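Here the structure of chain A is known, so what remains is to put chains B, C, D, E, F, G, H, I and J with the ligands in place on it, guided by the hints.
Residue numbers (my numbering), protein chains in the order written: chain A, 1 to 154; chain B, 1001 to 1154; chain C, 2001 to 2154; chain D, 3001 to 3154; chain E, 4001 to 4154; chain F, 5001 to 5154; chain G, 6001 to 6154; chain H, 7001 to 7154; chain I, 8001 to 8154; chain J, 9001 to 9154.
Incorrect hints may have been included.
Claimed, not checked - What follows is a list of derived Cβ distance ranges for each label pair:
| id | chain 1 | residue 1 | chain 2 | residue 2 | range |
| --- | --- | --- | --- | --- | --- |
| 1 | D | Gln3148 | E | Pro4035 | 28 to 38 Å |
| 2 | A | Glu102 | B | Pro1137 | 12 to 22 Å |
| 3 | H | Gln7109 | F | Pro5137 | 27 to 37 Å |
| 4 | F | Thr5055 | G | Gly6134 | 46 to 56 Å |
Treat the hints as calculated values from the structure; they're not laboratory data.
None of the values given here were measured: they were computed from a predicted structure.
Beta carbons are placed, not taken as given, at the ideal position from N, Cα and C, and that holds for glycine.
There are 10 protein chains.
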Amino acid sequence: MSNDIYENLSQLGGSSPMPASPEEATLETVPNPRPGSDYLVRFTCPEFTSLCPVTGQPDFAHLVLDYVPARLLVESKSLKLYLHSFRNHPGFHEDCTVGIAERLIEELQPKWLRLGGYWYPRGGIPIDVFFQSGKPPQNLWIPDHGVQPYRGRG
Amino acid sequence: MSNDIYENLSQLGGSSPMPASPEEATLETVPNPRPGSDYLVRFTCPEFTSLCPVTGQPDFAHLVLDYVPARLLVESKSLKLYLHSFRNHPGFHEDCTVGIAERLIEELQPKWLRLGGYWYPRGGIPIDVFFQSGKPPQNLWIPDHGVQPYRGRG
Amino acid sequence: MSNDIYENLSQLGGSSPMPASPEEATLETVPNPRPGSDYLVRFTCPEFTSLCPVTGQPDFAHLVLDYVPARLLVESKSLKLYLHSFRNHPGFHEDCTVGIAERLIEELQPKWLRLGGYWYPRGGIPIDVFFQSGKPPQNLWIPDHGVQPYRGRG
Amino acid sequence: MSNDIYENLSQLGGSSPMPASPEEATLETVPNPRPGSDYLVRFTCPEFTSLCPVTGQPDFAHLVLDYVPARLLVESKSLKLYLHSFRNHPGFHEDCTVGIAERLIEELQPKWLRLGGYWYPRGGIPIDVFFQSGKPPQNLWIPDHGVQPYRGRG
Amino acid sequence: MSNDIYENLSQLGGSSPMPASPEEATLETVPNPRPGSDYLVRFTCPEFTSLCPVTGQPDFAHLVLDYVPARLLVESKSLKLYLHSFRNHPGFHEDCTVGIAERLIEELQPKWLRLGGYWYPRGGIPIDVFFQSGKPPQNLWIPDHGVQPYRGRG
Amino acid sequence: MSNDIYENLSQLGGSSPMPASPEEATLETVPNPRPGSDYLVRFTCPEFTSLCPVTGQPDFAHLVLDYVPARLLVESKSLKLYLHSFRNHPGFHEDCTVGIAERLIEELQPKWLRLGGYWYPRGGIPIDVFFQSGKPPQNLWIPDHGVQPYRGRG
Amino acid sequence: MSNDIYENLSQLGGSSPMPASPEEATLETVPNPRPGSDYLVRFTCPEFTSLCPVTGQPDFAHLVLDYVPARLLVESKSLKLYLHSFRNHPGFHEDCTVGIAERLIEELQPKWLRLGGYWYPRGGIPIDVFFQSGKPPQNLWIPDHGVQPYRGRG
Amino acid sequence: MSNDIYENLSQLGGSSPMPASPEEATLETVPNPRPGSDYLVRFTCPEFTSLCPVTGQPDFAHLVLDYVPARLLVESKSLKLYLHSFRNHPGFHEDCTVGIAERLIEELQPKWLRLGGYWYPRGGIPIDVFFQSGKPPQNLWIPDHGVQPYRGRG
Amino acid sequence: MSNDIYENLSQLGGSSPMPASPEEATLETVPNPRPGSDYLVRFTCPEFTSLCPVTGQPDFAHLVLDYVPARLLVESKSLKLYLHSFRNHPGFHEDCTVGIAERLIEELQPKWLRLGGYWYPRGGIPIDVFFQSGKPPQNLWIPDHGVQPYRGRG
Amino acid sequence: MSNDIYENLSQLGGSSPMPASPEEATLETVPNPRPGSDYLVRFTCPEFTSLCPVTGQPDFAHLVLDYVPARLLVESKSLKLYLHSFRNHPGFHEDCTVGIAERLIEELQPKWLRLGGYWYPRGGIPIDVFFQSGKPPQNLWIPDHGVQPYRGRG
Ligand SMILES: [Ca+2]
Ligand SMILES: [Ca+2]
Ligand SMILES: [Ca+2]
Ligand SMILES: [Ca+2]
Ligand SMILES: [Ca+2]
Ligand SMILES: [Ca+2]
Ligand SMILES: [Ca+2]
Ligand SMILES: [Ca+2]
Ligand SMILES: [Ca+2]
Ligand SMILES: [Ca+2]
Ligand SMILES: [Ca+2]
Ligand SMILES: [Ca+2]
Ligand SMILES: [Ca+2]
Ligand SMILES: [Ca+2]
Ligand SMILES: [Ca+2]
Ligand SMILES: [Ca+2]
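Extracted from the complex, chain A is given alone in its bound form:
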């Protein structure tokens, strides 16, 4: 694989400022070097935080993103910056999770995409949101996330 595909990336390598909102974040892509295969790419993002739209208090989540690239790969640093852009963004758990998935689908046009949002507990009850864009491509291999369940104490 030639490295030219990374030539047009603006964020990789340098020190990029954190985007002020999801709308201002730019997702950069590179051509899929193996477009003939259906393979799965998984990003595990335990450093996610947004704001509660009602109380303004911070929310935290552990996100796991799975996708099958079609023509494009997401560049990982721009993905990181996109996720960081929720830092001052108010949004409900279900809405943030599904919204991130939809943005990525729109920009990457993947063959398939799945996003698990494992949110930290509020009121003693954590919420998980499990979204996928449809039936997985046939013959794909998708290991479980294996995220340990919440159990309170003890």
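Same frame as chain A, but now just chains B, C, D, E, F, G, H, I and J with the ligands:
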């Protein structure tokens, strides 16, 4: 997603009294912001307690609720209050678990719902109750609960 | 659910003597309060012991019972007493495990039943026996047992 | 050891009503059958719930009690009922935990007592309270509680 | 314990805005209801985030705070708000961790205080910072944090 | 089940010498007491060792055997002795694992058989061999082995 | 070490009947082959059961025995038979645990002995009993038992 | 199985130099001793390192390779050397992972091959790449990898 | 703390080439911002690799470094580069581990330093090396590393 | 450290035959490259097997060796061969464990040595043997072995 959907909620934000019984508990709902997708919402509720109808002694359970919203989402604080309303309610394990599921189905009219009740041991033997409303919607992604099995000691 | 269904139970509440053998143990049942649904009931029984028919030495097992009630539920205290009745009963691992399943099938006439027997090691090699009464009812939800595998030491 | 020491117990065996408050709960004791030794008795109580004095909402805790009996043992069923008596009792985490320890010290007059309160999270932050009555008796063996730390999600 | 001690709290119960910086955050206290005992209070705070002073990128940490109250307890909601106030604060790992400890010592004047900062990896290497205010009070019971070590992958 | 089926066993009970090679080992069988059911028997054998045919150095493996008996059960002590007979036997990982499975198939004529060989690392890389005799019988219940993956250190 | 020290053992090797009570059980000993060293021997006994003296119901425990031999080692098969002899013995948790320790001390006259009894839960609350014969010999190495704590469910 | 099949191996046994690049690495093969069966061979390789093509910094991964041999087995020492040959090789995560799989497919012509690459985190976000050569052969048994998910800290 | 202390750092922020050997690696330091306290800084480095001086094959280790800063902190990026500089360095396990510790002591002049080297297995046997510079400073808090022990398979 | 210290090693690198008995095994040593420091070397040996002197059946153990070198290091390949030499050696658990420790002490003359033998269960009861040569050198750092306790099943 506009926040207006939360306008009519009476319990969110304020300090709500614990309902005296399941019958007195009000489940509040909000419109599903993503009604076009089949996605799963999971609530993990390790703080559940009711009473044994025979002895009057407290029972405890760890509940995990999964559902696929149709037109409505359950508002999480009202769910918490509903679960707390069993605190003085006598009921058998199988009955409480299935009863909660049925109440939620009635009020949310979800596309699909699943409830796992993991009850604390009595007589050295814990009971689990696993209910679902039917065959899961096609193409849905439903990770395992992964609740660790009971093992006595050692 | 009315509590009348428990009216005829002789063992619940009081202090019941341990039956001397499986044959002498009485399994009590109550009407299934939710006969219209296929739901799973799981009992985890880490306190099981019987005797080796060849050496007379004690054997120990961790049992996990899953069943889908039809018309009847097994009353949990009578189940406990039935399991305790193997304390002085000689029987091989495979035979005890399958025999318990068959007795429960006979008395409960469940829609489906599964019994896992995880026996303590003899000769450095534990035996597990996994029995089910047939193909599970369609649309049933049956979480894994998740019993940790044996590994010797280290 | 003769069983006479249990003769005066009023709660053991029968079905005892849950006391309405800690004040109404009676802790029963039996003579220590081994008063010449310093040994440790540990009770693990994952089924504890009380009320928040400010909001009236339920709180949950996992308690682990360690003590070295002097002249008296606490009878375990009365201990269970005592803990259940907090079900409708408003109290802060620190206060409940230390208060339980003080009540037990007063009634048992043990050589030493330790109580760990592992409270379920509120506001995303669980509180633990670790109390002991003083320096442990010399030569005593006190294994760690080993309660798994809280970690949010992921 | 009377609840009057909570009378002067301004943040408890209501919905408090997130302070813009640590300097603007107010730590509220209540009188120690058990000033005669040396007991340990542990707060586990897995929801902490600040900014890297060099790159402006978010940093995340899991904090565990242990202290032995003297005259004052820290009120937990104000502690939460104080920790949230680092959300837009630039600071190095060692500096944030020790700075939080020093602020708490100044305001609570505890008998003893310990703070463990378990920071998320940067450059593949996480940093932990372990601070305590001095030798623990004699006879105190301080269970290990038991935070699982970092291990990369596999 | 009558115990007569064990009458002809020569190894059970007494002290049997370790066979010098797999060829010299005798696998003893007993009639399947439940030939009408498809149930699974699992043996977990963490005490297996053989020799490397190239270097003569010892190899170690953790074996897990699953089979569905037809007319015969393998007697567990003779299985143990058979496995011990590899102690001085040179053989490659793939060959030993599949060879054991084939020998058992030949002697037991089971409805189905599966053998997992989890070999200790050589050159920093462990090999696992997963063999099954064909498609499992319909309706059979086959829990995962759940053997923890190898991870090097850390 | 010569094997003559095992010459007088009556239980090793053969098939020994289970003693009917602890009193009838014989603990056999062999000379300590390394009497000049203080080393620790640990037996882990997860297969222990006795009877509740009040209800006659079975109790179960996981026992861990540590001792530093003086002149004698306990022969492990006779230890097993001694523990099995509690199968029909009524006794309270504290009493059984300390009683076993005292019997072993009397017969082995060890330099030091420790017994941990981890009892299965009754009434939702397990009891552990931790006994040691005194201060451990100086310079001895005694790893923790590491028995996982009880946690109810979830 | 005769050992002749190993006759032509040049690397086994002796001390082989580490190849300078993947291109220079030779994968050696041996005939499949059991070509009539579909069985799975799994190699777990926690010792993998390559270089980032942009920064030149080292990357690390934990690889798990599964394949179903057709006519050839890969010799494990040559596999180890091949993996080590990436030590000075610049390549992106997705490219290295899929490239290794393709090389192995080309040389082994297996019935089926799967490669999981679990890469160490960069920028706080680890990437996993899951590739398989197509739909697994019918009736094959393929246990999960069970690699523990990444979770940051806490 | 002012950020000026970072002014003279040459490696932070930019993209630094990997040093060719430990001798060529520069460890950069910054003034300890809290020189009045004894606190512990822990770096966990799961990405370490060197070469075997006899065979030239790669070795891997998981390192955990603990130190108590005196006048200087080590800058973490330069530490990372220093560790990476062993990539082409031949050295035995004991020698590398202790050598790294000595280099750090020389350059940082810390109050105390500890280094644990957890090496991947060779010949089926991993080696750990545990070094500390002397008795820890009084009153220091040093949590266990908690690195999971090696166990082969199963 | 110069590599000359390895010059006289006869086993390293080449293919060495397995010694027929412990007596025939040669332990090779190299000069301690850091004789001025007290540091701990730990070998974890999960591949140990010997024979029961009474029944001739194989025994298995997981050994963990800790020592503080004085003038000599043990060469790890010769240690492996020494341990393998017990393959046909009859010996009791206590005797093998302490015997290995004594042999190593004799040959290495270490400042201190500790050996933990974690033996696989016989009769349902595993034996651990914990030996150390005396009080550890002052200021030494000796992490726990952390070997998971035995627990039977469940
Ligand atoms: Ca909460
Ligand atoms: Ca119970
Ligand atoms: Ca699964
Ligand atoms: Ca055994
Ligand atoms: Ca093992
Ligand atoms: Ca919370
Ligand atoms: Ca990193
Ligand atoms: Ca690793
Ligand atoms: Ca510890
Ligand atoms: Ca719990
Ligand atoms: Ca990172
Ligand atoms: Ca699995
Ligand atoms: Ca986390
Ligand atoms: Ca190896
Ligand atoms: Ca055994
Ligand atoms: Ca158990």
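Cross-check of the supplied hints:
no. : hint                               : verdict
1   : D:Gln3148 to E:Pro4035: 28 to 38 Å : 31 Å, holds
2   : A:Glu102 to B:Pro1137: 12 to 22 Å  : 19 Å, holds
3   : H:Gln7109 to F:Pro5137: 27 to 37 Å : 32 Å, holds
4   : F:Thr5055 to G:Gly6134: 46 to 56 Å : 51 Å, holds
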